[in-house]
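J.: Here is how the chains run, residue by residue.
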Amino acid sequence: MVPLENPLLDNLRIEPTPGATTLVIFGASGDLTRRKLLPAVYSLSRGQRLPARFAVIGVARSEVSDDEFRQEFQNSLREFGKIDARSDEVMRSLQQQMYFVSGAMDDPGLYARLRERLDQVGAEGVLYYLAIPPTVYGPVVEALGAAGLAGTPEQGWRRLIIEKPFGTDLKSAQGLNALLHQYFAEEQIFRIDHYLGKETVQNLLALRFANGMFEPIWNRRYIEQVQITASETVGVERRAAYYEKAGALRDMVQNHLMQLLALVAMEPPTEFNAGGVRDRKMDALLAVQPVVGNGGSPAVVRAQYREGWVNGAEVPGYRFEPGVAPDSSTETFVALRFHLDSWRWAGVPFYLRTGKRLPKRMTEIAIQFHRPPLQIFKRVSPTPLPADLLIINVQPDEGISLRFNAKIPSTRMQVAPVMMNFHYGTTFQGEVPEAYETLLLDAMLGDPTLFARHDFVEASWALVSPINEMWQAERSPLPTYEAGEWGPPEADVLIEKDGRRWRTL
Amino acid sequence: MENALAAQALGRARTATLVAVGPSDRLTDVSATLNAEDGAGALHVVRIITDGTGSPDGDERPDIVTIGGLRPEYVNNAIAGVRLSSLPTIVWWRGGRPEGLEGVASLADRVVLDATDPWPLWSRLPPLFDQTAFTDVRWARLTRWRAAMAHFFDLPRVKESAGALTSLSIAAADRAQAALFAGWLDASLNWRGRVRAAFVPSSVPFESVTLRGNTCELELSLLPDSNCLSAEGRIGGEVMASRVLSLGSQTLSSLMAEELRVRSRDLAFERALERALDPRS
Numbered sequence: 000m001v002p003l004e005n006p007l008l009d010n011l012r013i014e015p016t017p018g019a020t021t022l023v024i025f026g027a028s029g030d031l032t033r034r035k036l037l038p039a040v041y042s043l044s045r046g047q048r049l050p051a052r053f054a055v056i057g058v059a060r061s062e063v064s065d066d067e068f069r070q071e072f073q074n075s076l077r078e079f080g081k082i083d084a085r086s087d088e089v090m091r092s093l094q095q096q097m098y099f100v101s102g103a104m105d106d107p108g109l110y111a112r113l114r115e116r117l118d119q120v121g122a123e124g125v126l127y128y129l130a131i132p133p134t135v136y137g138p139v140v141e142a143l144g145a146a147g148l149a150g151t152p153e154q155g156w157r158r159l160i161i162e163k164p165f166g167t168d169l170k171s172a173q174g175l176n177a178l179l180h181q182y183f184a185e186e187q188i189f190r191i192d193h194y195l196g197k198e199t200v201q202n203l204l205a206l207r208f209a210n211g212m213f214e215p216i217w218n219r220r221y222i223e224q225v226q227i228t229a230s231e232t233v234g235v236e237r238r239a240a241y242y243e244k245a246g247a248l249r250d251m252v253q254n255h256l257m258q259l260l261a262l263v264a265m266e267p268p269t270e271f272n273a274g275g276v277r278d279r280k281m282d283a284l285l286a287v288q289p290v291v292g293n294g295g296s297p298a299v300v301r302a303q304y305r306e307g308w309v310n311g312a313e314v315p316g317y318r319f320e321p322g323v324a325p326d327s328s329t330e331t332f333v334a335l336r337f338h339l340d341s342w343r344w345a346g347v348p349f350y351l352r353t354g355k356r357l358p359k360r361m362t363e364i365a366i367q368f369h370r371p372p373l374q375i376f377k378r379v380s381p382t383p384l385p386a387d388l389l390i391i392n393v394q395p396d397e398g399i400s401l402r403f404n405a406k407i408p409s410t411r412m413q414v415a416p417v418m419m420n421f422h423y424g425t426t427f428q429g430e431v432p433e434a435y436e437t438l439l440l441d442a443m444l445g446d447p448t449l450f451a452r453h454d455f456v457e458a459s460w461a462l463v464s465p466i467n468e469m470w471q472a473e474r475s476p477l478p479t480y481e482a483g484e485w486g487p488p489e490a491d492v493l494i495e496k497d498g499r500r501w502r503t504l
Numbered sequence: 000m001e002n003a004l005a006a007q008a009l010g011r012a013r014t015a016t017l018v019a020v021g022p023s024d025r026l027t028d029v030s031a032t033l034n035a036e037d038g039a040g041a042l043h044v045v046r047i048i049t050d051g052t053g054s055p056d057g058d059e060r061p062d063i064v065t066i067g068g069l070r071p072e073y074v075n076n077a078i079a080g081v082r083l084s085s086l087p088t089i090v091w092w093r094g095g096r097p098e099g100l101e102g103v104a105s106l107a108d109r110v111v112l113d114a115t116d117p118w119p120l121w122s123r124l125p126p127l128f129d130q131t132a133f134t135d136v137r138w139a140r141l142t143r144w145r146a147a148m149a150h151f152f153d154l155p156r157v158k159e160s161a162g163a164l165t166s167l168s169i170a171a172a173d174r175a176q177a178a179l180f181a182g183w184l185d186a187s188l189n190w191r192g193r194v195r196a197a198f199v200p201s202s203v204p205f206e207s208v209t210l211r212g213n214t215c216e217l218e219l220s221l222l223p224d225s226n227c228l229s230a231e232g233r234i235g236g237e238v239m240a241s242r243v244l245s246l247g248s249q250t251l252s253s254l255m256a257e258e259l260r261v262r263s264r265d266l267a268f269e270r271a272l273e274r275a276l277d278p279r280s
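As they're listed, the protein sequences go chains A and B.
Quick note, in numbering that gives the first Met the number 0, the first sequence goes up one by one and the last residue is 504.
Quick note, in numbering that gives the first Met the number 0, the second sequence goes up one by one and the last residue is 280.
If we strip away everything but chain B, and leave its shape as in the complex, we get (with noise of 0.2 Å):
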């Protein structure tokens, strides 16, 4: 109580402009998304509709601009308009027209891809990197199964025996997302295409990893009805940890809530996605 006073009274500093863009039906979660999380308005937020004049269903937050009517390659002169010169301008992509990314990218100090279908993209991705930061809401869902495999990694007898590796299976429904935590892995164990990624269907969007090799053996797979997941390392039949842990807040409003803080480029994201994409990979 005493804090929520104190908030009122203090006011907001502001952090960014986060430009939402993508067609009506993908907008209407935009003020309950960003509502959730409290330090929502510290963001001057601005929607772009790129398919009607419309203006989306859904509650609204008096304080968002929409903008509706532009025909879809005119998406960066709306930006430029709204973007605000003394804070970092960070656009949602929820959906348009592919080659509008590269209008975007001078033009924004951050791109968070969230499109239903990732891959006509990110094939657009690899000559813009050196423009804008580049992540994908997909990337900010493998956060923690990045940590738990990369602690494996910190034990030195896991970290001795990863030359021996030589599969990788990922159980999973979202196969742009299998892809990107194979490539990632790839990309940062150097592993040129010496390890080849088999990819498991699954009901879930992410069930499992598994990776083997000689007598070790690391798996990560996401426990029943649970938001956390197990790992576990063995070597030669010797457990070398296990334990549970927390993938913490999978909704798209702690997502966002992750990327917002994060500013810089992710060299880890734009050499995974490379990989993804890499055929021989």
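If we strip away everything but chain A, and leave its shape as in the complex, we get (with noise of 0.2 Å):
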């Protein structure tokens, strides 16, 4: 008798596959779908990380046959996947589990045809993934419920990732949860932020982590200052309508920055599992203070892009772009300092700054050291040297820099910063998956350690909700900034008050 667990998954280097799953992609007409899950899809079963039974169920308010919505997925590798597989028989054999579902989000016979659709494929576990915008998960939800498709089956499961926004602020987001617990178990949900699926998110536990050398040193004793900065050099592109109600704060700051700044401040867990690195996660944002209501002026300021050069390009302002009010006020910038009330973290800032239309698309954390206490170089040198600095670039070239001081080769005693690299591109083999493949996987799994918590979210908007009430009661002007500037001169300000200065980057 072979055992429960399947004996001839030990060691083996595909690392585990889930059981039977059906993958059911409400929104499946839309871009997520073609840019980023169906070629997610598809590079999984090449590496043969879907199980031996696997298929996917698309739904959508379109006429869509199952033959169109095969094509539609070999289209959508050829164009998003960069991928010609027509000559694939991976691909082929794929297709042949793709079907398709028709009809409007709130039509009972939609899901009752959803259920048949299920009953044929004899899916056991059942991954609803919600690629629709916000406004539709209520109905998609409730529906679900009312089908009696939400709910834990004696054999397999039923889980649902949905996208961000999750809610536009604390109130809509604890409406927003409050919904989804009516029908779905906090365990059944999985909410994506797509930076936690990427790599250097990843190997920021495994350097804290893994390595005993870091955790002595990372805390208020040895680190100085945090700067998180998540740069794009794009404006709004086409998501205007998406963008005009979100802004900076809500677009990133609230989810992805948050993520960022919970896992450099958590404590260790005890174990690498969903709970323990939530629970630390969830701690260490709970250790945030609020930055509106603390006394004192708010140490937040917001911009919007006016017109500029990037990249060598004359690009339009932030008002002049397809979709946005000639006098919106979206900020397209945002810098702010959150300090965290903690042992480990009493007295170090955090500087978070993030925006659309800068010099240079990057995402990094920067982790700068005090300087020594004495200055015993001072003779040679007599501008103080510059504080080590550990950086982690998230994207776009994933690695990990350590600069320190150094003696230049010489007679004399001179000394000067150097770096240490390490770069994922030249060091490791193979490909880096995108994070859309991890974290479908992960849901798959039931893995929820790479997504969002409930009390996560909730805590994340109860931090930046006051900021955004505070600007909507704010009568002055817009600070703006030019395109291809690091943000306006209040920026700079905000820092300089505090004796530093925000990185050259």
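Calculated directly from the structure, the hints in this document are not laboratory data.
Please read these numbers as outputs of a predicted model, since none were measured by experiment.
Hints should not be assumed to be uniformly reliable.
Said to hold, decoys possible - Heads up, incomplete: computed chain A residues facing chain B, CB under 8 Å, no partners named:
#1 N5
#2 D9
#3 L11
#4 G18
#5 A51
#6 R52
#7 Q70
#8 F421
#9 H422
#10 T426
Each residue gets a CB set at the ideal place from its N, CA and C atoms; glycine is no exception.
Using the supplied hints, reconstruct the complex from the two chains, each of which is provided in its own coordinate frame.
T.: Below, the structure is given as structure tokens:
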């Protein structure tokens, strides 16, 4: 008799695959499905990460046949996966497991047809992916619940992936969570933040907790400040309708940057599992002090880009972008400072900045250490030597760099900063999986470690919503910055008041 | 372009010392094999020629160190001299005197066997398993086949039928590879001779695997002119799973790249090999 666990998976280099799974994509005709989800499914299949029984059911309002959906799958691979898979037998085999169900999202008939399809493919595990606008989350979740498709069956499982934004403020996030929890238990819900699927973000956990040398210095005694930057060169592109309502604070800070902050600030978990990691991240977030209503002037700056030059090309101002109101007050840049009230971080500022139409596309976390207590090289270097710095490059050149001071070879004592670099692309072989591959697979496996939990989402909104409310009440004009600059002068003032400067990137 | 420039500017962090050991004609493609992978620059590469003083032909990376003119029994001395204390040492054994393995085991952190005839080496391995981590390129070639077979056993009905399996048939030109696969199944499913393996000659190194018993039939077969395999599982005539899977790249470069990512002991390989060597299996 073979034991319950599959012994053939022992020491298999291809990591565990989920049990029989059907992926149901709501919004299967949409951009996210074509750009990210279908190529991710194909890549997982090529890497043998899908189970022996796997199917995809696309759901959308548009009338699409199974064959048309299969063709759409092939087209998406060519267009977005950069794969010409026409002669690919794996693709053809996967195509045969793809189906489509058409109908309006609030039509109970759609869910009856979906149930029929699920029965037909013999689904044991079902993963619903809501690749639809957040306004439709409610009707779909309610309809799934009403149709009896949400609860965990005796054999198999039902899970739900939702995309950000998880609400637009604290109240709406609480409302969304309450709605989801009516039909799905928290362990069935996977809130996707694609930043968490990035290799370097996960490597931050490895750097901190797989090494003995960093943890002892990862605190206020040795760290002077932390700067987290997520800059984009692009403007609002085709997302004006969404971005006008969101802005940089809600689009980037509430989710991605708060996740990065929590990963830097968290205490070590006792185990690398969902509960351990997410509990410690939550603790870190709870230690973050609000920037509004905390006495003094709020340490936050917003701004909007005006016309300028980026990468040698002239670009229009935000208010001249298609779909943007000519008098828009949406911020495209945010800089702010958080303090954490904890033994580890008391007195260490965390500076966050993000924006569009900045000079460079990059996301990095810079940990700056204290300077030595005594400047013994004052005679040879009258200006203070740069502080030691640990830089975690999240994108585009994923890696880790350490800057420290060293003697320049000469008969004199001359000291200068040097960098030691670890670069993923040149050090490790093989392709780095796309974030969506990692996250889709984790959801199929039921591992929520890299997904946002409801309390984290709400705690993050609790920090961010008051900032937005303060801005809504403000009457002063919105600061602007020239496209291609690192934000407005106010952002420099914010950090210079603390006697510090933004890193020049 | 942006990434390439950044990579150049950032330099490379070393991950391991790779020592390729073998006769000169087996070391000509070391450079080409490793250069095919982007991450090869992260390796400190050394070649040790076991059959003469000449340098192997073929293109060479300027940073590859080549050592020749050694007596075969002193291969371990050469490895001791070139290994870097702060990095793992991986020996890529492409040939040489099998007895030399014993001296190498205590110096290497991992040994990847890649010999034309593996049996004389394999028979020496079990006593060395506690000294270092061993693997074989033939084992790497089986990874995708093993995964495809393992996924059948995720299906509850297949798992329930596993006890009733009675016959295994493997069609393969590479008898050693077939024996390794059979040994892996035997060890993992604890057959202890209950299921007898039949090896069928083939024109390709590894062509198909069929497991049968009672009403259950699990079949993996290489698709003609393809780098894919078909996986079909039937119970009582009902198809439980049927799909086509990619075998990935089976080039030596890719297989070595896979091996270089592994650092720990591969207990599945060790158990599979012991069963493959066991005349009762």
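J.: Against each hint, give a clear statement of whether it holds in the structure.
T.: Going through the hints against the structure:
1. N5: Hint on N5 (chain A): holds, closest Cβ of chain B at ~5 Å, below 8 Å.
2. D9: holds, 6 Å
3. L11: Hint on L11 (chain A): holds, closest Cβ of chain B at ~6 Å, below 8 Å.
4. G18: holds, 6 Å
5. A51: holds, 4 Å
6. R52: holds, 5 Å
7. Q70: violated, 18 Å
8. F421: holds, 4 Å
9. H422: holds, 4 Å
10. T426: holds, 5 Å
In the structure shown, a violation is registered for the earlier hint numbered 7 alone.
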